[in-house]
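K.L.:
Chains P and C, in that order, are what the protein sequence lines are. Just so you know, we're using my numbering here: the first sequence kicks off at 94 and counts up by one. Just so you know, we're using my numbering here: the second sequence kicks off at 94 and counts up by one.
Each hint should be verified, as a subset may be incorrect.
[Unchecked claim] Not the full set, but computed from the structure, chain C residues with beta-carbon under 8 Å of chain P:
no.	residue
1	S221
2	L225
3	R416
[Stated by the list, open to error] Straight line, CA to CA, 20 Å or less: simulated SDA-like cross-link-like pairs of lysine to any residue:
no.	chain 1	residue 1	chain 2	residue 2
4	P	K107	C	G355
5	P	K177	P	A123
6	P	K391	C	A318
7	C	K410	P	P232
8	C	K410	C	E390
9	P	K107	C	G352
10	C	K203	P	E413
11	C	K134	P	E413
12	C	K391	P	S394
13	C	K107	P	W353
14	C	K190	P	R411
15	P	K410	P	L95
16	C	K410	P	D401
17	C	K391	P	R387
18	C	K410	P	P403
Hints in this document: simulated from the structure, not taken from any laboratory. Backbone N, C-alpha and C fix where the C-beta goes; we use that ideal spot for every residue, glycine too.
There are 2 protein chains.
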Amino acid sequence: MLRVGIMGYGNVAKGVECALKTAPDMELAAVFTRRDPAGVKILSENVPVLPASMAEEMADKIDVMILCGGSATDLGVQTPHYAKYFHVVDSFDTHAKINQHFAAVDPEAKAGGKVAIIACGWDPGLFSIARLYFEASLPEGSDYTFWGRGISQGHSDAIRRIEGVADARQYTVPSEEALEKVRAGERPVLTTGEKHKRDCYVVAKEGADLAAIENAIKTMPNYFADYDTSVTFVTAEELKKNHSGMPHAGSVLRNGTLGWNGEFNTELEFKLRLDSNPAFTGSVLVACARAAVRMGEKGESGCKTLYDVPPAYLSWKRGEELRGHLL
Amino acid sequence: MLRVGIMGYGNVAKGVECALKTAPDMELAAVFTRRDPAGVKILSENVPVLPASMAEEMADKIDVMILCGGSATDLGVQTPHYAKYFHVVDSFDTHAKINQHFAAVDPEAKAGGKVAIIACGWDPGLFSIARLYFEASLPEGSDYTFWGRGISQGHSDAIRRIEGVADARQYTVPSEEALEKVRAGERPVLTTGEKHKRDCYVVAKEGADLAAIENAIKTMPNYFADYDTSVTFVTAEELKKNHSGMPHAGSVLRNGTLGWNGEFNTELEFKLRLDSNPAFTGSVLVACARAAVRMGEKGESGCKTLYDVPPAYLSWKRGEELRGHLL
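The task is simple: from the sequences and hints, build the whole structure.
P.N.:
Now the structure itself:
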């Protein structure tokens, strides 16, 4: 059994913990936290919750560490640091900074002789994989990624920072019209704003100016100004009752042509629908953790992404079984 | 530029030839045929068509050989043989015999220090990849593969062997009812027969007994008896006009649960729609040929499947570009 450590204990970490429960070849060895461990109650029984500062001294008791911090402030520091001591995986998801993160992690992982797989999840992650397989097998074509319907944490946070807002959840919603065009094999040129709508559910503070809040949301640059945005005011109870889940969904599509003169239309799509975004991200992280150990056993080290991982390494099944039953 | 050889010149080989035309890093070096080369007219200009018997002596002029024979009789012999001389890829697609084929190819490829990637295409191939990523990231779940609407060569051939039949094409058609159930997140238990219908277009010979032909088709074991089968008699002109293409389509789906008590439903789907089945198979083979060379450069040898291939090796783009633009 591979012994797995979890660093941090937020929503993604809970997803990892749940996924480990069903993994036939892995077990949770310890959860590490920067909070007071006495205050952190985990789902698993008989698994220690330890202070993050104790992680390094557990290096010989943990085969792989799953880093469950956030991309904004945690992982940029944690992944390079822990890659010196453990095989690690993270779900770093700031697309524009992935090469920078890679450059920070790679020398540390190599110095430690460890494998660090970054940007594991579904986007970046399985969606990235789909984009690569699609482009490689259909070079002449156009790519489309649609997100939603699902909760965007970043957009929800942006609304919460507006004066007069007590709480908020934002759903990213794909434009059905745009999606249907692409699914019909067309290759329209679409901005992200043309592909998506934004539905906001907002709890206002008592006496707040609702019109001002709605205007502040709809005109917010980058986040909302370029989108068809709807704002619905709800009570705190309604928000909790109807909008406290973390569902998400999305599609990667590629339409293109094959043939000597581009005469054969070809359409590829990968889509997913998740009741729980962090549960699925956690489950992908667990598969990637298995792969990190496998790559380490093969003598590899350094920073990797899913693009570098032979798919077989993600599975608990081995070569002949995979070829016989799944191929 | 990678120098690519094509062995055989049927429909898949033409798909390979077309795909090479758009590959930025590969060029067609030669086509090899068991027919008289003088009678084989290829699409590419200034590329030699050579007798298959000359292939071995071209070993230093070809970086990778794409084997375009059929699974029934050609590839079982050709892939082990040519794997001694070249990195090779094939589209061996008899699912039940893949491990046997692997065992025949592996020692020969190792003896030659070459990489042989077998079972490249879309099923086996990209569909196999989807099944693996889906299972690894969603261990508790049910898999579904639907094929069609598309031409099945094997079923068309089976009809042609019936007395009184001049020509025939058979479409495998997914059951919309079954597919909708699965797409709705249900996890029904379905036989292949419950998932698919079979639509047959048949040209009868003059004076043939149409009722006898229809009965012979509908009661044919394995091929049709377990399916909802329709038979439509058409003229040779109608068959040529309306049914001479080689379209195909299909979906791999997995529905399952995540969470501590399986409380989060999760649905994954990969689907494709192809105007030309052999054009897409050829295009996947070209991406795999690139990967075979890349694996060879890394010092690997032996028989491989797509499960062993790091996705990045399929692309003409390299690490930092992939991470920066596609991940």
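K.L.:
Each hint: holds or not?
P.N.:
Hint check:
Taken as an interface hint, S221 (chain C) checks out: its beta carbon lies about 4 Å from the nearest beta carbon of chain P, inside 8 Å. Evaluation of the L225 (chain C) hint against chain P yields a held restraint, the C-beta minimum of about 5 Å falling below 8 Å. Proximity of R416 (chain C) to chain P holds as hinted, the smallest CB-CB distance being about 5 Å (cut-off 8 Å). Restraint check: the Cα-Cα separation between K107 (chain P) and G355 (chain C) comes to about 13 Å, which is no more than 20 Å; the hinted pair holds.
Only pairs whose Cα atoms come within 20 Å are accepted, and K177 (chain P) paired with A123 (chain P) is accepted, the gap being roughly 18 Å. For the hint pairing K391 (chain P) with A318 (chain C), the CA-to-CA distance comes to about 49 Å; that exceeds 20 Å, so the pair is violated. For the hint linking K410 (chain C) to P232 (chain P), the alpha-carbon distance of about 11 Å falls within 20 Å, and the restraint holds. At roughly 16 Å between alpha-carbon atoms, K410 (chain C) and E390 (chain C) fall within 20 Å of each other, so this suggested pair holds.
With a CA separation close to 9 Å, the supplied pair K107 (chain P) and G352 (chain C) stays within the 20 Å bound. Between K203 (chain C) and E413 (chain P), the direct Cα distance comes to roughly 17 Å. Compliance with the 20 Å bound is thereby established for this hinted pair. A threshold of 20 Å between alpha carbons decides the hint, and for K134 (chain C) with E413 (chain P) the separation of about 41 Å lies outside it, so the pair is violated. Between the alpha carbons of K391 (chain C) and S394 (chain P) the distance comes to roughly 15 Å, so the proposed pair stays at or under 20 Å and holds.
This hinted pair checks out: K107 (chain C) and W353 (chain P) have alpha carbons roughly 9 Å apart, not beyond 20 Å. As the CA atoms of K190 (chain C) and R411 (chain P) are separated by approximately 17 Å, the hinted pair is consistent with the 20 Å bound. A hinted pair counts as satisfied when its Cα atoms are at most 20 Å apart, and K410 (chain P) with L95 (chain P) qualifies at roughly 14 Å. Between K410 (chain C) and D401 (chain P), the direct Cα distance comes to roughly 13 Å. Compliance with the 20 Å bound is thereby established for this hinted pair.
Simply put, K391 (chain C) and R387 (chain P) have alpha-carbon atoms about 18 Å apart, close enough for the 20 Å limit, and the pair holds. About 17 Å separates the Cα atoms of K410 (chain C) and P403 (chain P), which keeps this hinted pair within 20 Å; it holds.
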